[in-house]
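Residues per chain are reported as follows:
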Amino acid sequence: MDRITKLLGLARVELLCPEPELLLNRCGKAGLELRQIRRKDGLTLQAVVPERELSALRELTERCRGELRVLELRGGSKSRARLRARKALLLALALVLALLLSSSLFIWEIQVQGCETLSQGQILRALADCGVEPGCFWPGISVDLVRSRMLTELPELAWMTLRISGSRAVVLVQERREKPEIYREEQAADIVAAAPGVIREMTVLNGRALVQPGDAVLAGEVLVSGSMESQTAPSRSVRARAEIRADTWHELTAACPLEMLQQRESGRSSSRFSLQFGKKRLKISGFSGKALDECDTIVHEYSLGIEGLFSLPVKLIREERRSLSPTGTEAAREQEMETALVRRLEEQIDGEILESSFSVGRADGLLLVTLRAHCVENIAQTAELSPP
Amino acid sequence: MRMKRAPSFAGALSERLMLPGELLGELKISVVGARRALIENHQGLLLCSPELISVRGGRGSLSLRGSELRIEAMNERELLICGRIALAEWD
Chain A
1 MDRITKLLGL
11 ARVELLCPEP
21 ELLLNRCGKA
31 GLELRQIRRK
41 DGLTLQAVVP
51 ERELSALREL
61 TERCRGELRV
71 LELRGGSKSR
81 ARLRARKALL
91 LALALVLALL
101 LSSSLFIWEI
111 QVQGCETLSQ
121 GQILRALADC
131 GVEPGCFWPG
141 ISVDLVRSRM
151 LTELPELAWM
161 TLRISGSRAV
171 VLVQERREKP
181 EIYREEQAAD
191 IVAAAPGVIR
201 EMTVLNGRAL
211 VQPGDAVLAG
221 EVLVSGSMES
231 QTAPSRSVRA
241 RAEIRADTWH
251 ELTAACPLEM
261 LQQRESGRSS
271 SRFSLQFGKK
281 RLKISGFSGK
291 ALDECDTIVH
301 EYSLGIEGLF
311 SLPVKLIREE
321 RRSLSPTGTE
331 AAREQEMETA
341 LVRRLEEQID
351 GEILESSFSV
361 GRADGLLLVT
371 LRAHCVENIA
381 QTAELSPP
Chain B
1 MRMKRAPSFA
11 GALSERLMLP
21 GELLGELKIS
31 VVGARRALIE
41 NHQGLLLCSP
51 ELISVRGGRG
61 SLSLRGSELR
71 IEAMNERELL
81 ICGRIALAEW
91 D
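Protein chains in written order, with this note's numbering: chain A, 1 to 388; chain B, 1 to 91.
Rather than coming from a laboratory, the hints here were simulated on the basis of the structure. Don't take each hint at face value.
Stated by the list, open to error - Which chain B residues face chain A? A few, computed with CB under 7 Å, are given here:
| # | residue |
| --- | --- |
| 1 | G44 |
| 2 | R70 |
| 3 | I71 |
| 4 | A73 |
Unchecked claim - Stretch by stretch, here's where chain B covers chain A in the computed footprint (C-beta under 8 Å, at least three residues):
| # | region |
| --- | --- |
| 5 | 139-147 |
| 6 | 360-366 |
Quick reminder that beta carbons are idealized off the backbone N, C-alpha and C, glycines included.
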């Protein structure tokens, strides 16, 4: 028996009839759905029938000169009658339904997708300036107007759109791509050394090479000249282009106060729960114990509603505080500083580190870590010539 | 389980043409263990008691004997019988 039939109600009946088989056959022909038929005695049957078919069964029973007696009613009219008596519950259900329907006309959740350099906060603030924020009435929002204002307020945006489904707004943004460096081919330029080093190999695509592999050069020294001289014609200026790989040596130093202790999570954490209605926040439970001076706070937000369908104007916020304690050895600090120095050097050069060494010292209450590295990098740098 | 099958034209035809007999209105009975039997293509209930349930088919009738027999569901074409089925007889 399907769930809808059960929901609509079932009746357990007793059928008293001189010919029970005849009654059952007539029920079958009439399409009545009889279940759990049991013969009690020669004239009496018990069966379960959907409540909506009760009157038809009664009529058939009477036609067979029988009698129908309802033993029990399950679900259906009985449940409805019971529900009718509970007016407060019905009122609350109606209220919840009305709130759900009306809340879907307001935006309670805004999602930003596609931002790379801009932060979500910047976009949300700009949206709020345009009138799109949690709690706003979305039928009154003009997407075109919001788009025009957003593109004016945030010049980094190339395009944006706003998609509203129920009480969720999804903002799709496309950031503007930076224009590549454009240079004029006719603008004469030299190639100079970006860093001092010993030239290992060079590939000159345009211009006149002034140095050769094995030469030591200083930063700013002209390596490839844009001035092309000719014995038969006057000299002409071109834009020099070359890739020059050279051995370079770098020295980077990092300092850290000796008394500065490294903070690590101690494993102790406490949580605070609150409910957020639109912009208002209602604290449910506070942090247990005293406030922690050195701690990280992580905020977890849980939206209420059905993902992708609608969200309620209520969010559960959990603020987790993880306490930090001063732990860690000096060796660990040195290790971290060395790693940071290598990372910094890798960002700085256009090449690779061949070998590196570290030295550690202490001076004026500082821990000093020095990186000395031998690298191979491209030191070619374009220096445009001023027009004569 | 003892079964008696009366020869019928529909039965002979369906055997000759290798057609499923239920297409020609013959009774079809599916028994699961000895607790449940589904009878299709019935043409009416002849007897119903906890020891015997008898149904009319296109040609003849089928009787199920046993104990605690009951009709779990019934409609114009099908009958679902539950209980302890001991015997099926075709007349």
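Do the hints match the structure? See the list:
A least Cβ separation of about 4 Å between G44 of chain B and chain A falls short of the 7 Å threshold, and the interface hint therefore holds. Because the beta carbon of R70 of chain B sits about 5 Å from the nearest beta carbon in chain A, less than 7 Å, this interface hint is met. Among the interface hints, the one on I71 of chain B holds; its C-beta lies about 4 Å from the nearest C-beta in chain A, closer than the 7 Å criterion. The beta carbon of A73 of chain B comes within 5 Å of a beta carbon in chain A, closer than 7 Å, and the hint placing it at the interface holds.
Against chain B, the region 139-147 of chain A contributes 0 residues with a C-beta closer than 8 Å to a partner C-beta. That does not satisfy the three-residue criterion, and the hint is violated. Figure legend: the region 360-366 of chain A, annotated as covered by chain B; annotation inconsistent (0 residues with Cβ-Cβ distances under 8 Å, at least 3 required).
Hint compliance for this structure: hints 5 and 6 are broken, all remaining hints hold.
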